[in-house]
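Protein sequence lines correspond, in order, to chains A and B. Numbering that gives the first Met the number 0 puts the first sequence at residues 0 to 445. Numbering that gives the first Met the number 0 puts the second sequence at residues 0 to 192.
Since the hints were made in silico from the structure, they are not lab data. Every value quoted in this text rests on a predicted model; they were computed, and no experiment measured them. Think of the CB as a built atom: it goes at the ideal place given N, C-alpha and C, for glycine as much as any other residue. Just to be clear, a hint being listed does not mean it is correct.
SDA-like mimics (lysine to any residue), calculated; alpha carbons at most 20 angstroms apart, straight line [what the hints assert, rightly or not]: (1) B/Lys33 <-> A/Cys202; (2) B/Lys33 <-> A/Glu134; (3) A/Lys248 <-> B/Asn161; (4) B/Lys39 <-> A/Tyr160; (5) B/Lys138 <-> A/His351; (6) B/Lys33 <-> A/Arg131; (7) B/Lys33 <-> A/Tyr141; (8) B/Lys39 <-> A/Pro74; (9) B/Lys33 <-> A/Ala142.
Covered stretches of chain A (chain B as the covering partner; in silico rule of three or more C-beta atoms under 8 angstroms from a C-beta of chain B) [said to hold, decoys possible]: (10) 79 to 86; (11) 242 to 248.
Across the chosen pairs, the derived CB separations fall in these ranges [stated by the list, open to error]: (12) B/Met134 <-> A/Glu381: 44 to 50 angstroms; (13) B/Asn123 <-> A/Glu295: 44 to 50 angstroms; (14) B/Arg74 <-> A/Asn13: 45 to 51 angstroms.
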Amino acid sequence: MGKKLLLHNDHVPNIHTYEVYRAHGGYASVEKALKTMTPDQVTDEVKKSGLRGRGGAGFPTGLKWSFLAKPEGVPRYLVCNADESEPGTFKDRYLMERHPHALVEGMITSSYALGAHTSYIYIRGEYFYVARILEQAIREAYAAGMLGKNILGTNYSLDLYVQVGGGAYICGEETALLESLEGKRGNPRIKPPFPAVAGLYGCPTVVNNVETIAAVAPIVNMGGEEYAKIGIGKSTGTKLISASGHINKPGVYEIELGVPVEEFIYSEAYCGGIRNGKKMKAVVAGGSSVPILPTELILKTAKGEPRLMTYESLADGGFQTGTMLGSGGFIVMDEDTSVVKNLFTFTRFYHHESCGQCSPCREGTGWMEKVMQKFIDGTANESDIDLLWDIQGKIEGKTICPLGDAAAWPVAAAIRHFKQEFIDIAKQKKFNDVKHYYRLNNLTEA
Amino acid sequence: MSTHAHGTQNFDKAKRATIKFSDEIMAQVQEIIKRYPTGKQKSALLPVLHIAQAEFGGWLSPETMDYVASILSIRPIEVYEVATFYTMFHTQPVGKCTFEVCQTSSCWLNGAEDIVRYIEKKLNIKVDETTKDGMFTLKTVECLGSCGTAPMLQCGASFHENLTFEKVDALIEKYRSENRLRSYTDLDYNNTL
Ligand SMILES: Cc1cc2nc3c(=O)[nH]c(=O)nc-3n(C[C@H](O)[C@H](O)[C@H](O)COP(=O)(O)O)c2cc1C
Ligand code: SF4
Ligand code: FES
Chain A
0 MGKKLLLHND HVPNIHTYEV YRAHGGYASV EKALKTMTPD QVTDEVKKSG LRGRGGAGFP
60 TGLKWSFLAK PEGVPRYLVC NADESEPGTF KDRYLMERHP HALVEGMITS SYALGAHTSY
120 IYIRGEYFYV ARILEQAIRE AYAAGMLGKN ILGTNYSLDL YVQVGGGAYI CGEETALLES
180 LEGKRGNPRI KPPFPAVAGL YGCPTVVNNV ETIAAVAPIV NMGGEEYAKI GIGKSTGTKL
240 ISASGHINKP GVYEIELGVP VEEFIYSEAY CGGIRNGKKM KAVVAGGSSV PILPTELILK
300 TAKGEPRLMT YESLADGGFQ TGTMLGSGGF IVMDEDTSVV KNLFTFTRFY HHESCGQCSP
360 CREGTGWMEK VMQKFIDGTA NESDIDLLWD IQGKIEGKTI CPLGDAAAWP VAAAIRHFKQ
420 EFIDIAKQKK FNDVKHYYRL NNLTEA
Chain B
0 MSTHAHGTQN FDKAKRATIK FSDEIMAQVQ EIIKRYPTGK QKSALLPVLH IAQAEFGGWL
60 SPETMDYVAS ILSIRPIEVY EVATFYTMFH TQPVGKCTFE VCQTSSCWLN GAEDIVRYIE
120 KKLNIKVDET TKDGMFTLKT VECLGSCGTA PMLQCGASFH ENLTFEKVDA LIEKYRSENR
180 LRSYTDLDYN NTL
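Using the sequences plus the hints, can you model the full thing?
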């Protein structure tokens, strides 16, 4: 197995407590950064590391930090995006629940680099109990002098708070998150201005994902150049992957970027292959928003090269034959799965989660769910496939925030790669839901 | 029951008088307000709504929302528009225990529909309904970040994962015997089921 930088102490009992975390080398990055480095030097290390945002878009973190406006006398904020609501994604929960101090440490070191003196962790409301765990870790860090006034005797001070959301996927979009943190509805803002210029309370703000911020600690400890040696090309470092679906070993895996997809799915070190000796049919590799790929295309690119777990390799072939690393929500489906029904759950999701500001998204997601419902009811016609194609095309690229695209892409990809399934349902006027519920199929109650 | 759309003048004065945080809770609320810069106390709205919902019967009545508005010195409409935007805030009464079953992809792949149907049958209610005794409400929700331990449901602060029909039976039994309101803000989130 590859190098681990975030979950290397996963097996250590009570690693969620300050004492144990500290005894295992925790908070070293705070000591190193605050006592021996300037904020800009920390940012430089992050730049050199090649770290890319782990929230889904993969934007270079060091570059994002360097965009932060620094007007005199205006506070700057670091806000951690712990909204994690992209279907198939549960890595941030795992990290925060088991290693809360890894996030707190990353927040301190990153806040120092950005010159923030108040920082927030915005966590989805459903993770209320995780917020309690983080708050406990924060109390311990204050007690140990890692937070508050004059941290470790330096003249750097920082307050860190956890904010719980109210249940809304859209609040993962960074400007909707800031609105929500201001006590409003989670309606995304029109950009520009970008948060780096006018974010929380109109002040310069950096929003980063949980995993991105946690990765800053090992980067500062080992140095950006060392970190960049892990991985392949522009996909540097390690990545947490949330694996679920019809695999033998669902769970969160820290991989070195560059592991072959085939190895990730079939090796005992990771997913351990497909459950019940079934064959694999399809994979959604990076959370619900990214294109679904059939087995042939997820294991190998269109050129026949082995597909790797990197930003570039997964995207190879564009949307025609490729997909995206996205949030790392890796959903595996076996041969009995109905791609149509899976898509139905996604269209229902996006319709439910659209904030309703833009007509193409508000109306389009509703339509797509309705048409998909016809497929599930067995009343769809073949022309409904064209209708779906048409609607998704009219949403993509025409909305305030990328939720519109995220709703359109899965529909396009399912039709692109699994059109026959739609045609069969329309022809037979019947939807056969295969019982692939292994855990429950011996119970006839339902 | 009333909804947030009612005019303020229609509210029951007696009911309104009973809506008041205890000193202890009020101290917590004041602590939360201190997290934000002066004048930005509206930022406390979501956290305070969670507390209010837990304190005043598991849902946000118009009286409760007006009370929260008065504490944060904001207009009631600013509270209503937020309460109706987020799925965790209930603007209608719910049972003491709300079962929120995830129905998205990974959970569906692992039998979430069977779980929903099983609960419907067992409690004799449909999704979005409450049992006659006011004990249970059943809802379906979208991905809760338990995809690797699917199927799952949330009840109050607790996640119940790798669900089976037997686990659902045990949960219903347990909650019925405990007979208390389950809130997202509960501290006893460590569940064994
Ligand atoms: C609809 C939508 C939902 C999103 N949800 C999340 C999320 O739950 N967590 C997250 O970190 N980023 C999410 N993002 C991406 C954020 O907008 C933002 O790019 C990210 O937090 C930046 O952090 P990073 O650069 O560290 O990845 C979402 C974006 C969109 C459009
Ligand atoms: S694209 Fe959808 S979610 Fe995003 S702002 Fe527009 S309506 Fe809201
Ligand atoms: S799909 Fe149900 S918890 Fe993620």
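Status of each hint after checking the structure:
1. Between lysine 33 of chain B and cysteine 202 of chain A the alpha-carbon distance is near 18 angstroms, which keeps this suggested pair within the 20 angstroms criterion.
2. Of the supplied pair hints, the one linking lysine 33 of chain B and glutamate 134 of chain A holds, its CA atoms being roughly 15 angstroms apart against a limit of 20 angstroms.
3. This hinted pair checks out: lysine 248 of chain A and asparagine 161 of chain B have alpha carbons roughly 13 angstroms apart, not beyond 20 angstroms.
4. Only pairs whose Cα atoms come within 20 angstroms are accepted, and lysine 39 of chain B paired with tyrosine 160 of chain A is accepted, the gap being roughly 15 angstroms.
5. Proximity of lysine 138 of chain B to histidine 351 of chain A is assessed by CA-CA distance (about 14 angstroms); at most 20 angstroms being required, the pair is judged to hold.
6. Between lysine 33 of chain B and arginine 131 of chain A the CA atoms are separated by roughly 18 angstroms; this keeps the pair inside 20 angstroms, and the hint holds.
7. With a C-alpha separation of about 16 angstroms, the suggested pair lysine 33 of chain B and tyrosine 141 of chain A falls inside the 20 angstroms cut-off, and the hint holds.
8. A hinted pair counts as satisfied when its Cα atoms are at most 20 angstroms apart, and lysine 39 of chain B with proline 74 of chain A qualifies at roughly 14 angstroms.
9. The suggested pairing of lysine 33 of chain B with alanine 142 of chain A holds, with an alpha-carbon distance near 19 angstroms, which does not exceed 20 angstroms.
10. Counting residues of the region 79 to 86 of chain A whose beta carbon lies closer than 8 angstroms to any beta carbon of chain B gives 4, which meets the minimum of three for the stated coverage.
11. Coverage of the region 242 to 248 of chain A by chain B holds [criterion: at least 3 residues with CB-CB distance below 8 angstroms; count 4].
12. Checking the proposed 44 to 50 angstroms range against methionine 134 of chain B and glutamate 381 of chain A shows it holds: the Cβ atoms sit about 47 angstroms from each other.
13. For asparagine 123 of chain B paired with glutamate 295 of chain A, a C-beta distance near 47 angstroms keeps the hint of 44 to 50 angstroms intact.
14. Between arginine 74 of chain B and asparagine 13 of chain A the CB atoms are about 47 angstroms apart, so this pair conforms to the stated range of 45 to 51 angstroms.
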